[in-house]
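Colleague: Sequence:
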Amino acid sequence: MAARRVAVGGSDPIGEQLAGWGKVGLLETHGRVSGREVTAAVGFVEDADGSLLVAAGSESSDWARNLRANPACRMTIEDVTADFEALELDGDRRDAVITALILKYGTPAEGLGHGPVFELHRVDRL
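Following our numbering, the numbering of the sequence shown begins with 7 at its first residue and continues without gaps.
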C-alpha cells in the first residue's frame, strides 16, 4: 500500500502544525489498555534506509509503552501518512539515535535517554 495523504487534525494544534511543517511526526499507536487509537507528536530522525528513529524522554511515556505492547503504528509527517512496525533499540545504536535527536532538536532534547528508543520500519498493509 502506498502512503496515504491526509489532512492533519485533532486535539494538539501545536503538534499538528509542527507535523504539517515536517518538524515532528504525529505517531498513532493503539492504547495498550483501551485499544483505542492514540496520537502523540514526536521528534524523529530519518535513517538512510528510510526508517524513522524516535526516542521517549521517560520510561512512563504512554506512546512508548503502547509501542512495546503493540509495535504496529502509523506516522504522519507533512501530508503523508504511512504504516510502520517499531523495533526497540539498545546499546550503541540506541545511543547514536539519542545523539542524532539532540543534534536535530537542540538542548531541550537532552531529556532523551531516560526512555525507550525505537526504529520504525515502513510496512505495506493490505
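Errors might be hidden in some of the hints.
The calculated label-pair distances, taken between Cβ atoms and stated as ranges, are [to be verified]:
no., residue 1, residue 2, range
1, G26, D98, 18 to 24 Å
2, S66, G41, 18 to 24 Å
3, D130, D53, 17 to 23 Å
4, R42, D98, 31 to 37 Å
5, S40, I20, 21 to 27 Å
6, S40, S64, 29 to 35 Å
Source of the hints: derived by calculation from the structure; they are not laboratory data.
Each residue gets a CB set at the ideal place from its N, CA and C atoms; glycine is no exception.
Colleague: Give a verdict on every hint.
Modeller: Here is what the structure says about each hint:
no.	hint	result
1	G26 - D98: 18 to 24 Å	violated, 34 Å
2	S66 - G41: 18 to 24 Å	holds, 20 Å
3	D130 - D53: 17 to 23 Å	holds, 18 Å
4	R42 - D98: 31 to 37 Å	holds, 36 Å
5	S40 - I20: 21 to 27 Å	holds, 24 Å
6	S40 - S64: 29 to 35 Å	violated, 20 Å
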